[in-house]
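Novice: One letter stands for each residue in the lines below.
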Amino acid sequence: MLQIIKIAWRNVWRNKLRSFVVILSIVLGIWAGLFIMSLTLGLNEQRMNGAINTYLSHIQIHNPKYLNDPDIHSFILHRDETLSALQQNENVKAFSTRANVISMVSSSKGAFGVRIVGIDPEQEKKVSNIYTMMKSGEYFTKFKRNPAVIGQKLADKLGVKVRSKIILSFQDMDKEIISAAFRVEGIYKTSSSRYDEFNIFVKRQDIDRLAKLQGNIHEIAVICPSINQVAQTTAILQQAIPDSQVRSWSDVAPELGYAQKMMSSAIYIFMGIILFALAFGIINTMLMAILERRRELGMLMSVGMNKVKLFLMIVFETIFLSTIAVPVGMLLSYLFIQYFAHKGIDLSAAAKGLESLGIGAIIYPYLPTHFYFTITLMTVLVAFISSLIPAKKALSLNPAEAVRSI
Amino acid sequence: MSIITTKDLFKIYNADSEIEVRALNGVNLDIQEGEFTAIVGPSGSGKTTLLNIIGGLDQPTSGSVIINDTEVTKLSSNQLIDFRLHNIGFVFQAYNLIPVLTALENVEFIMMMQGQAKDLRQKRAIELLKAVGLEKEINKRPNKMSGGQQQRVAVARALASKPRFVLADEPTANLDSKSTAQLLDIMAALNQKEGTTFIFSTHDQRVIDRAKRVITLDDGKIISDV
Ligand SMILES: Nc1ncnc2c1ncn2[C@@H]1O[C@H](COP(=O)(O)OP(=O)(O)OP(=O)(O)O)[C@@H](O)[C@H]1O
Ligand SMILES: [Mg+2]
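Read top to bottom, the protein sequences are chains Y and X.
Start counting the first sequence at 3; every next residue gets the next number (my numbering).
Start counting the second sequence at 441; every next residue gets the next number (my numbering).
Check the hints yourself; a few may be wrong.
Unchecked claim - Simulated pairs of lysine-lysine, DSS-like, Cα-Cα distance not exceeding 30 Å:
| # | chain 1 | residue 1 | chain 2 | residue 2 |
| --- | --- | --- | --- | --- |
| 1 | X | K558 | Y | K309 |
| 2 | Y | K311 | X | K563 |
| 3 | X | K570 | Y | K8 |
| 4 | Y | K18 | X | K580 |
| 5 | X | K514 | Y | K309 |
FYI, nobody ran anything at the bench for these hints, they're computed from the structure.
Take the sequences, apply the hints, and build the full model.
Specialist: Rendered as structure tokens:
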């Protein structure tokens, strides 16, 4: 058996160029496959993390009614108990209370429907990174009276700049229409322009006073120490505050979670196709090698090499030929992906289209380790299956025919 | 005592068609232990066909081959492989050796397939390679050896399994006259000293001259046996 393996191994190197071409094609196949996988996953991961860090947070708490109709009266019940439940839970790293009011914003250029998000800026900074996305102006530092931070897209539509005045009109708790002047203190720009045109941040105390909210809030955004604690914490909080609806980020935006799962399967299918194509190359190469060596194989059968040994020899040969490439391909892909995972790939040329998807202009490829193992297994499996055809072909050789002199 | 007996061997190619070829046309043959026999005859006379059928590489259309007490023509193809491994040594005109193995490994390989122990294998392989005058070449691969040297390795390999007889189909066809003489010297010496039975086909008059018995085929029939 060992001798058979030795011969098979040496046979791989008999036609160096041919073996090299096969090995190279497998290396490139693996590399291309894994790299595209990592790009796809990286893109999705970024989309997901971006969404979480910017506007989803890990957990959101609402009055269940608010989710159907974001009415000003659908505020969170038992506010104080809710807040103390949050304070007592050690898996709650930070939270931010928000008073949300649907409103009309107008400038001299026009009027648009928006959502006013009343926040405590210091709290909010711990659950959302919008404060790091300021295009101009400041995030609630200087202005004393009715400051507002608005999105770039909205600023463009309204034709306003920092220090410009905007008018917010909304119904207060008594259903009276209130109009109030706010001053733009800062303009932010997230990767989602749809978000930017809809959300206006103001200080919670300002909207509270104007809308007569009396300290009521509509939304609490929660951050856990890590994304792994989200599911568990969501369940615990839901039990503690049954009158509110506690939702994890994946409940809020299920499409992000689905996308992750779908991409994983799509990736396997994609890799499967690559390997399928490679299998044909391997089979073809081995069939050629067998045809070329039919006299030698005939000689081996003539002098008494049995079918099992002959079969194994070809199987090993094929597996060697196709799996030498695996470590090389994996290492190459790993280094390549790691390099770009740090450096990022600048796609600003295509960034316009990506932004509306909620993706930044720089992609950081990302591939969880288990993919390397699974793909290795897949490749070895494909190699094994591809080896059966040439091995069977070798068995069909007739020693008398194969051995007849030229 | 006779080790090979053929009875009414026929090998007919394309039997039902116009271009029927009677490669063997009723061959009855008896070969004794210790013979040094040449099978000769013009091209297409059936030499290779006869050797292949005796060696169990090919099946006759009718007739039988009995080696010692075994009717090889009745063995299954798996049994035949095993029978060849333990009973018959082969030397072909070319492609005798495994190119990726050294001379020593090539000779050892056959004993390994027989399941012999490593140290015994190696000892015997070295002895055999010495006997064919290749003690210096044992670690060379076939492509680093001359055609004559390769054929001598093939003879060593054929003997390694301790076969009952050695079949050689035109073993010298690709060799120059010096290598031919050398190879025949070695085969003759082994035949004389060890009593190894050799049956070989050839076109070469110098080879025919060395044979103790010459069987002449024509059109698949034995026309003389001297
Ligand atoms: N597979 C085959 N199909 C049809 N005819 C065949 C086949 N193999 C051999 N023959 C024919 O059988 C006859 C005997 O062939 P064989 O090879 O035994 O002759 P040979 O004496 O060895 O000839 P040479 O001296 O050229 O090697 C020839 O006429 C040959 O053409
Ligand atoms: Mg012939």
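Novice: Give a verdict on every hint.
Specialist: Hints, one by one, checked against the model:
1. X:K558 with Y:K309: 23 Å, holds
2. Y:K311 with X:K563: With Cα atoms ~24 Å apart, K311 (chain Y) and K563 (chain X) stay inside 30 Å; holds.
3. X:K570 with Y:K8: 25 Å, holds
4. Y:K18 with X:K580: Satisfied, since the Cα-Cα distance of roughly 20 Å is no more than 30 Å.
5. X:K514 with Y:K309: Status holds; Cα separation ~19 Å.
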